[in-house]
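J.: Here are the chains, one letter per residue:
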Amino acid sequence: MTPEDKAIFDKLAELLGPFNEKGVELKPETEIAVDLAIDSVSVMDFVMEVEDHFDIDIPLNVLSDTHTMNDLVGVVKARVNKA
Amino acid sequence: MVDLLDKYKPLLERMHAVEQAGSRIGPVNERLLSPTRAIINGRDTILAGTNNYMGVTFERECVEAGKKALEEFGTGTTGSRIANGSYAMHEELERELASFLGMKQCIVFSTGYQANLGMMAGLAGPRDTIFLDADSHSSIYDGCTLSGAKLVRFRHNDPADLDKRLTRMENDGGGRLVVLEGIYSMLGDRAPLAEFVEVKKKHGFQLLVDEAHSFGVLGPNGCGLADEAGLMDEADFIVGTFSKSIGAIGGFGASNHPMFETLRYASKPYMFTASPSPASIATATAAVRLLKREPQRRDRLQANSARLFHGLKGLGLQLGCDTVSPVIAVKCEDETSTLVMWNQLLEAGVYVNIALPPGTPGKLCLLRCSVSAAHTDEEIDRIIALFSSVVASRNRVAAAV
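The listed protein sequences derive, respectively, from chains A and B. Taking my numbering, the leading residue of the first sequence gets 1, the next gets one more, and so forth. Taking my numbering, the leading residue of the second sequence gets 1, the next gets one more, and so forth.
No wet-lab data here; the hints were simulated from the structure. Beta carbons are placed, not taken as given, at the ideal position from N, Cα and C, and that holds for glycine. Heads up, a few of these hints could be off.
Quick list of in silico lysine-lysine cross-link-like pairs, PhoX-like style, CA-CA up to 25 angstroms [what the hints assert, rightly or not]:
no., chain 1, residue 1, chain 2, residue 2
1, B, K104, B, K7
2, B, K363, B, K104
3, A, K11, B, K164
4, B, K7, B, K363
5, A, K82, B, K164
6, A, K11, B, K363
7, A, K22, B, K7
8, B, K104, A, K27
9, B, K363, A, K22
10, B, K9, A, K22
11, B, K164, A, K77
12, B, K201, B, K164
Over the 10 angstroms line for every Cβ pair with chain A, so calculated as not near, a few chain B residues [to be verified]:
no., residue
13, A21
14, H203
15, E261
16, R289
17, K292
18, E335
19, P361
Between beta-carbon pairs, the in silico distance windows are [to be verified]:
no., chain 1, residue 1, chain 2, residue 2, range
20, B, S138, A, E4, 36 to 46 angstroms
21, A, S64, B, T262, 24 to 34 angstroms
22, B, E294, A, K22, 24 to 34 angstroms
23, A, T68, B, D142, 19 to 29 angstroms
24, B, E91, A, N81, 45 to 55 angstroms
25, B, D233, A, T68, 41 to 51 angstroms
26, B, E234, A, P18, 55 to 65 angstroms
27, A, D65, B, A385, 48 to 58 angstroms
28, B, S138, A, D65, 19 to 29 angstroms
29, A, D65, B, M259, 45 to 55 angstroms
30, A, E14, B, D334, 46 to 56 angstroms
31, A, A7, B, G362, 26 to 36 angstroms
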């Protein structure tokens with residue numbers, strides 16, 4: 001993990017805090033919806049927080065291919081750099 | 001082999017928990033006595049969760065129109081609108097609705113859900129972007145997914161947030177469709193349409209307003225939120241349903257766009273399903289005419305809604321929004337207590353909707369009432385009295401503890 005990836009991962013973990021009611025330990029391979037057992041609306045609400053923090057848009061259809069924390073780090077990184 | 005249904009085990013456990021609490025989600029109406037009364041579990045029950053806003057389901061002229069259509073045109077059309085399923089009555093209803101709305105064209109769909117599927121998927125394609133309110137109904141989300149468009153979700157009722165997202169997506173190519181609802185089904189709040197229209201003027205996009213809960217209900221002509229706000233010309237597309245104020249089943253999309261009719265040959269949820277049955281179409285047409293002729297029904301609904309809204313507010317209950325609307329949601333503490341209270345209300349003689357996450361915004365647990373023009377003052381007062389004894393008394397006990 002590059003320092004940039006690590007910084008994004010840490011921020012995502014922080015933003016995910018309020019949604020991670022079971023306190024699941026977050027790793028790069030953690031599947032956000034499945035491992036944290038959070039519903040589809042909560043996933044979208046979490047992504048909205050991510051969008052606002054990084055000032056990017058993550059269209060909902062991109063989310064269908066985004067499962068793990070690592071996937072999301074990749075999506076955020078690509079969109080931050082594009083912006 | 002992986003069993004496809006295994007993934008629903010947590011859902012099954014949740015439903016078992018509901019049953020253990022003595023409830024069944026979706027209790028059975030054994031007999032309907034009127035638009036506002038049914039026999040449920042052998043008891044005469046006030047219906048306060050049916051979306052039967054105008055109370056037209058037992059109107060003599062609607063019932064007679066349905067019977068006549070059944071006799072003369074049979075039980076079903078057995079085909080799609082683009083095959084053998086277009087009858088004169090389908091086109092007559094489309095003209096009647098267009099005239100009601102003061103719009104040039106109207107397309108009827110077989111259900112309200114399909115109206116949203118058909119409109120989203122018909123209007124937007126993979127090169128377009130749909131901006132949808134975070135609290136949009138499931139049929140909007142599903143229609144958006146079906147369209148293959150890029151989907152951007154903006155914060156509920158927040159024109160500034162939409163503005164920001166449109167700015168970020170500027171020069172993205174493709175068309176842009178913004179989707180709002182007249183009255184949001186869970187909390188009863190309305191889109192701040194005038195402010196959204198300001199954003200429309202700034203960015204330029206096409207606007208669709210889903211008037212499912214507001215058609216027949218809001219506005220001087222009963223056309224919905226756009227009518228109430230005096231902004232009918234700004235709504236490029238209006239969607240509505242027959243399963244609420246019209247008391248039948250089906251839905252529609254309407255527009256002044258000169259190419260709107262093309263959707264009949266481009267929208268799969270319109271093309272690849274049987275057209276609505278003759279009885280459904282005939283009852284819907286009769287109901288649209290009735291609503292046009294009897295605007296006082298809207299006044300009655302407004303008075304009934306205000307009576308329930310202020311009655312529940314007077315009990316100190318937390319409601320879904322601050323505006324009087326026929327959707328009145330009471331916020332509850334958690335899933336377990338909401339289930340218990342919902343069950344107690346039903347046993348005491350009133351049916352309301354129970355709404356739980358993820359079907360609600362912000363993980364809210366709600367006891368949701370929908371008011372009808374057909375409710376009597378006595379029925380509204382009885383609903384308030386039961387909320388007082390079941391819900392407010394529980395809060396008082398909780399506060400004392």
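J.: Decide, hint by hint, whether the structure agrees.
T.: We went through each hint and held it up to the structure:
With a C-alpha separation of about 47 angstroms, the suggested pairing of B/K104 with B/K7 is violated against the 25 angstroms cut-off. In summary, the hint linking B/K363 to B/K104 is not supported, as the alpha carbons are separated by about 41 angstroms, beyond the 25 angstroms threshold. Of the supplied pair hints, the one linking A/K11 and B/K164 holds, its CA atoms being roughly 22 angstroms apart against a limit of 25 angstroms. Taking the CA atoms of B/K7 and B/K363, the gap is near 22 angstroms; set against the 25 angstroms cutoff, the hint holds.
A threshold of 25 angstroms between alpha carbons decides the hint, and for A/K82 with B/K164 the separation of about 17 angstroms falls inside it, so the pair holds. Simply put, A/K11 and B/K363 have alpha-carbon atoms about 24 angstroms apart, close enough for the 25 angstroms limit, and the pair holds. For the proposed pair A/K22 and B/K7, the alpha carbon gap of about 20 angstroms is at most 25 angstroms, so the pair holds. The straight-line distance between the Cα atoms of B/K104 and A/K27 is roughly 56 angstroms, outside the 25 angstroms bound, and the hint therefore fails.
Among the hinted pairs, B/K363 with A/K22 is consistent with the structure: their alpha-carbon atoms are about 16 angstroms apart, no more than 25 angstroms. Between B/K9 and A/K22 the alpha-carbon distance is near 19 angstroms, which keeps this suggested pair within the 25 angstroms criterion. Using a Cα cut-off of 25 angstroms, the hinted pair B/K164 and A/K77 holds, with the two alpha carbons roughly 20 angstroms apart. Between B/K201 and B/K164, the direct Cα distance comes to roughly 14 angstroms. Compliance with the 25 angstroms bound is thereby established for this hinted pair.
The Cβ of B/A21 lies farther than 10 angstroms from every Cβ of chain A, with a closest approach of about 20 angstroms, so its non-interface assignment holds. The beta carbon of B/H203 sits about 14 angstroms from the closest Cβ of chain A, which is more than 10 angstroms, so the claim that it is off the interface holds. No Cβ of chain A comes within 10 angstroms of the Cβ of B/E261; the nearest lies about 28 angstroms off, and the non-interface call holds. The beta carbon of B/R289 sits about 39 angstroms from the closest Cβ of chain A, which is more than 10 angstroms, so the claim that it is off the interface holds.
The beta carbon of B/K292 is kept farther than 10 angstroms from every beta carbon of chain A, the shortest such distance being approximately 38 angstroms. The beta carbon of B/E335 is kept farther than 10 angstroms from every beta carbon of chain A, the shortest such distance being approximately 12 angstroms. Distance check on B/P361: its Cβ comes as close as 8 angstroms (rounded) to a Cβ of chain A, failing to clear the 10 angstroms threshold; non-interface status is violated. Between B/S138 and A/E4 the beta carbon distance is about 37 angstroms. The supplied range of 36 to 46 angstroms therefore holds.
Distance hint check: the CB atoms of A/S64 and B/T262 are about 29 angstroms apart, consistent with the given range 24 to 34 angstroms. Separated by about 54 angstroms at the C-beta atoms, B/E294 and A/K22 break the suggested range of 24 to 34 angstroms. At about 25 angstroms, the CB distance of A/T68 to B/D142 agrees with the hint of 19 to 29 angstroms. Take B/E91 and A/N81: their Cβ atoms lie about 54 angstroms apart, and the range 45 to 55 angstroms holds.
Against the hinted window of 41 to 51 angstroms, the Cβ-Cβ separation of B/D233 and A/T68 comes to about 47 angstroms, which satisfies the hint. Look at B/E234 against A/P18: about 37 angstroms separates their beta carbons, and that is not inside 55 to 65 angstroms. The beta-carbon spacing between A/D65 and B/A385, approximately 53 angstroms, falls within the hinted interval of 48 to 58 angstroms. Evaluation of the 19 to 29 angstroms hint for B/S138 and A/D65 yields a pass: the beta carbon distance comes to about 21 angstroms.
In this structure, A/D65 and B/M259 break the distance hint of 45 to 55 angstroms, their C-beta atoms being roughly 33 angstroms apart. The beta-carbon spacing between A/E14 and B/D334, approximately 27 angstroms, falls outside the hinted interval of 46 to 56 angstroms. Separation of A/A7 from B/G362 is about 30 angstroms and conforms to the stated range, judged on CB atoms against 26 to 36 angstroms.
Hint violations for this structure: numbers 1, 2, 8, 19, 22, 26, 29 and 30, all remaining hints satisfied.
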